[in-house]
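**Student:** Chain by chain, the residues run as shown.
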Amino acid sequence: MMTFGNAILYTSLAISAIALIGLLLKDRKNNELLTKLVSPAIIIVAGLLTFAYLLLTYYFVASDFTYEYVWQYSSRDLPLIYKISGTWAGQPGTYLLWVWVIFLSAAWLAQTTKHATPLARRTQIITLAIGVYFIVLTLIQTPFKSIYELADVPPGFVPADGSGLNALLINFWMIVHPPLMFIGYATITIPFAAAIVYLLTKEDGWEELGRQWARFTWLILGMGIAVGGVWAYVVLGWGGFWAWDPVETASFIPWLTLTGFMHAAALHRKNKTTFSIAAPMLAAVTFILVLYAAIVVRSGLFNSVHAFGDTSTGTLLISSVIITGVVSLVLGMRRYLEEPDKVEEDKGFWSKTNIFYVTLLLFVILAFISFWGITYPVFIQLTQGFKVNVASDTKNFFNVWSYPFTILLMLALGFCLNYKESEKEKRKKTLFIVAALSIIAMFLRTETFYVLDHSSPFWVREPQIYKLMGSISVISIFPSLIYATAAIYQYLSGYLKLGNARVRIKGIGIAIVHIAVIFTLFGAIISSNFTYTNQGINIPLEEKGVLLDVGDGYGIKVVDYSTRSLTETSYSGTPIADVLANPSLFEKDVTISGKVTNFNSSGSHGTLVELTDNSGSMWVVFEGNVPVTVNSGLTASGRIMSGFEKPVLIARGADEFDVSGKYNVQSVQLEVYENHRKIGSGVAEYLQGKGGSGTFPMIAPSITLFGGDVYVIFQGVGGGAVPLTLKIVPAVNFAWIGIILFAVGIILIMAVKSKPKGG
Amino acid sequence: MKTKKLLSILVLILIISMAYGTYNLSLSQFKLSDKNNSYLGGLTWSRSLDASLQKAQQENKPIAMYFWAIWCQYCAKFQSDTLGNPQVKEILEKDYVLVAMDLDIDRDISRKYGVSYPPYVIFLDGKGDVLERIPGAVDANYFLPIVTKVRNQVRGK
Chain X
170 MMTFGNAILY TSLAISAIAL IGLLLKDRKN NELLTKLVSP AIIIVAGLLT
220 FAYLLLTYYF VASDFTYEYV WQYSSRDLPL IYKISGTWAG QPGTYLLWVW
270 VIFLSAAWLA QTTKHATPLA RRTQIITLAI GVYFIVLTLI QTPFKSIYEL
320 ADVPPGFVPA DGSGLNALLI NFWMIVHPPL MFIGYATITI PFAAAIVYLL
370 TKEDGWEELG RQWARFTWLI LGMGIAVGGV WAYVVLGWGG FWAWDPVETA
420 SFIPWLTLTG FMHAAALHRK NKTTFSIAAP MLAAVTFILV LYAAIVVRSG
470 LFNSVHAFGD TSTGTLLISS VIITGVVSLV LGMRRYLEEP DKVEEDKGFW
520 SKTNIFYVTL LLFVILAFIS FWGITYPVFI QLTQGFKVNV ASDTKNFFNV
570 WSYPFTILLM LALGFCLNYK ESEKEKRKKT LFIVAALSII AMFLRTETFY
620 VLDHSSPFWV REPQIYKLMG SISVISIFPS LIYATAAIYQ YLSGYLKLGN
670 ARVRIKGIGI AIVHIAVIFT LFGAIISSNF TYTNQGINIP LEEKGVLLDV
720 GDGYGIKVVD YSTRSLTETS YSGTPIADVL ANPSLFEKDV TISGKVTNFN
770 SSGSHGTLVE LTDNSGSMWV VFEGNVPVTV NSGLTASGRI MSGFEKPVLI
820 ARGADEFDVS GKYNVQSVQL EVYENHRKIG SGVAEYLQGK GGSGTFPMIA
870 PSITLFGGDV YVIFQGVGGG AVPLTLKIVP AVNFAWIGII LFAVGIILIM
920 AVKSKPKGG
Chain H
29 MKTKKLLSIL VLILIISMAY GTYNLSLSQF KLSDKNNSYL GGLTWSRSLD
79 ASLQKAQQEN KPIAMYFWAI WCQYCAKFQS DTLGNPQVKE ILEKDYVLVA
129 MDLDIDRDIS RKYGVSYPPY VIFLDGKGDV LERIPGAVDA NYFLPIVTKV
179 RNQVRGK
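Taken in order, these protein sequences are the chains called X and H.
Using my numbering, read the first sequence as starting at 170 and increasing by one per residue.
Using my numbering, read the second sequence as starting at 29 and increasing by one per residue.
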């Protein structure tokens with residue numbers, strides 16, 4: 170069925186095809202036939218898609234449940250903000266968001282370059298081709314699908330209410346996390362397109378064209394991942410901010426290769442022959458991995474708590490990954506074989522480019538570990554029908570393999586960031602000393618500070634090789650962290666002395682981003698290794714108000730326990746206040762509904778029931794004896810008798826309905842004590858509703874850097890007891906500060922205008 | 029150029045051997061389920077409810093039906109601490125017919141028994157009637173009395 174929204178999408182498809190053909194004619198045949206139309210066409214499509222997104226938002230806000238997507242992901246009782254964020258709660262809406270941002274960037278490309286150069290034109294061709302592909306994906310899973318296309322919906326049926334948003338999605342982080350992710354995914358398109366053009370035709374200037382977009386993607390995607398981590402930490406009770414879930418891992422992989430790309434690009438822009446293949450290949454790989462992340466979420470092949478489930482676009486996505494993968498690989502190989510063997514002076518291993526190349530390889534290795542860890546279990550499942558795990562405990566696989574390469578990355582950071590050819594020998598010596606210290610530190614024995622947690626029940630079942638690698642002492646990270654910090658400090662002080670503000674600000678930005686790495690790593694390692702956990706605390710409800718010892722010097726007091734509904738109940742029919750204001754209007758026929766707040770049964774003569782809705786309350790008279798209970802929902806229709814002091818409804822009939830809200834919250838007010846001193850208090854909640862349940866832990870954040878967050882998970886009252894898990898999470902503030910520094914640093918770098926040509 | 033080529037080849041070898049090694053390690057040590065059985069918490073579980081019902085009737089044993097999912101964080105803990113508890117494990121192994129349902133695959137059975145999240149254990153008799161339900165990742169202290177009670181209940185019949 171052609172709905173209005175779909176008509177807009179089809180029109181966008183047609184117009185973008187015209188723009189694409191126009192560009193191809195100009196580029197291939199030098200035919201100017203459609204050239205004048207190209208830029209306006211792209212801008213019109215960007216406008217149409219903006220309108221389409223606003224239209225979808227309108228359908229959500231207006232609760233138009235004749236659209237399947239709105240019906241599935243919204244309901245009348247949701248607060249406005251969650252009606253709006255419902256647009257990106259499911260696959261169809263996120264495709265629309267994605268394609269919209271692709272065309273916004275295409276419009277930017279059209280406006281800034283006017284397609285004047287072959288590079289701009291060709292980059293736009295690839296961007297548009299990707300855009301067209303995404304319009305097709307959006308059409309296949311269109312958010313504008315009418316419910317009358319569904320087999321079991323009779324024509325003319327309008328659902329009274331939608332089925333509501335998944336309970337886990339009703340919180341602030343849901344509002345921010347998905348848009349960041351999808352905007353990040355969309356904005357990598359231009360750097361990819363420019364890189365492919367460069368691989369094809371050696372067009373100069375590709376790196377400048379995609380530079381700000383790559384940085385923007387890095388910022389937005391990075392913040393999206395970080396916000397996801399915060400969400401997992403403060404809401405889901407997943408047991409920390411990072412669980413190596415396939416979906417979150419899949420979004421992290423392109424961010425790693427993008428980081429690699431930005432390092433390659435930094436050298437490539439100074440000398441065009443440096444990383445002339447590595448840089449564009451990393452940009453290409455990043456885009457392919459973004460598509461791969463989409464597969465992980467959308468194909469239904471990956472088993473994750475986070476995935477959208479089976480869908481119709483999986484095959485199309487998989488073929489696009491294969492196509493872009495093969496094309497990039499072939500182009501890269503061709504360029505490699507074409508490149509004449511440069512007769513350059515062999516500086517040996519210890520040159521800046523070589524060490525930088527090691528850094529790039531480290532990013533690739535880290536990306537590969539994550540990629541492989543989420544991929545091969547699915548591969549085994551598909552080819553052999555077995556379900557396998559990557560280790561006895563999933564996260565052990567990723568931690569064990571990533572750890573040594575993280576140390577190497579920190580060593581490379583320390584050596585490279587402040588590299589000076591003249592001090593090479595001295596610096597090599599320092600590097601060797603730090604590397605040796607790292608290796609020695611690997612063997613230091615401690616109580617609990619190892620790569621893998623020895624006290625975990627999974628530890629005993631890990632294979633020999635993981636036990637060996639897991640027994641590396643985490644003290645070994647510190648020499649390289651200190652070494653890297655010293656290098657950043659030297660780098661920063663060097664730049665602070667510079668007179669040129671532009672260069673200085675950029676240097677400060679780069680230093681801040683690298684400090685952010687140190688902070689985040691430190692926070693992640695310390696917090697995950699030194700978290701104190703006490704599971705299985707059960708406090709009987711009758712012990713409310715009593716401070717109970719829960720072991721290890723900690724005590725917990727349940728101050729209060731209460732339940733509530735998250736959303737306001739919506740009542741059908743005429744609001745009671747309207748009836749009371751104008752009783753004479755309703756003397757013939759009216760339907761009201763409300764909660765039973767009082768009733769008075771006078772035997773066979775009739776029953777008086779007081780109904781209350783959100784606007785007011787009134788009495789309803791039923792004939793005979795009607796069994797009602799207080800607090801149940803009742804819909805009554807009949808006529809108004811306005812002769813009384815207060816109008817009364819004489820009911821013809823009544824229907825009961827459910828007034829218990831769709832989202833019920835249990836909350837416990839807690840106080841946590843350590844050695845009889847209060848260390849934190851707050852509310853932990855347990856939400857039950859559509860799509861399962863969610864835990865909202867109590868978090869009393871520490872205000873000092875090293876202090877521990879008091880973190881209590883409440884799993885919902887069962888058997889008259891409050892089940893709690895107490896955690897003390899230290900140093901997690903380092904990670905949060907690190908994330909903020911990442912953003913500040915890259916924004917400083919982006920703010921500096923690139924050097925004018927020939928300047 | 030030469031150094032970079034050498035480095036790339038080294039990394040390629042490293043990546044391939046790591047990939048090959050972990051792949052085989054998973055097949056030999058971390059198999060969770062194949063066509064007929066699931067291997068969870070050190071126990072072998074049948075994947076067929078019908079066959080298990082038959083077996084339960086023949087041997088006059090109750091059925092422990094465990095609902096799990098590979099992505100379930102609490103399941104891993106539940107398997108190692110609760111199902112892996114020596115006492116629980118012994119009773120389950122000796123006196124029960126074990127069947128495991130994968131929430132990603134066995135959706136119909138999950139829906140039929142009203143299970144919407146893992147971990148979840150349902151005890152059945154040979155006729156398929158529900159004797160007891162244990163939703164969520166409970167600890168062994170909670171689990172053990174119930175397993176014992178259900179076993180005695182079926183034996184007493």
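Don't read these hints as lab results, they were simulated from the structure.
Mixed in with the good hints, there may be bad ones.
As the list claims (entries may be wrong) - For lysine-lysine, the following BS3-like pairs were computed, each having C-alpha atoms within a straight-line distance of at most 30 Å:
no.	chain 1	residue 1	chain 2	residue 2
1	X	K597	H	K105
2	H	K63	H	K32
3	X	K598	H	K63
4	X	K283	X	K521
5	H	K33	X	K371
6	X	K726	H	K105
7	X	K597	H	K140
8	H	K177	H	K140
9	X	K597	H	K63
10	X	K589	H	K105
11	H	K177	X	K636
12	X	K439	H	K140
13	X	K521	H	K117
14	X	K597	X	K666
15	H	K63	H	K83
16	X	K589	H	K117
17	X	K205	X	K283
18	X	K896	H	K177
19	X	K595	H	K105
20	X	K441	H	K83
21	X	K439	X	K597
22	H	K177	X	K598
23	X	K764	X	K371
24	H	K30	H	K63
25	X	K371	H	K105
26	X	K598	X	K666
As the list claims (entries may be wrong) - Stretches of chain X that chain H covers, calculated by requiring three or more beta carbons in the stretch to come under 8 Å of a beta carbon on chain H:
no.	segment
27	412-422
28	554-566
29	624-633
Beta carbons are placed, not taken as given, at the ideal position from N, Cα and C, and that holds for glycine.
**Student:** Looking at the structure, which of the earlier hints fail to hold?
**Tutor:** Failing hints, ascending: 1, 2, 3, 4, 7, 9, 10, 11, 12, 13, 16, 18, 19, 20, 22, 23, 24, 25.
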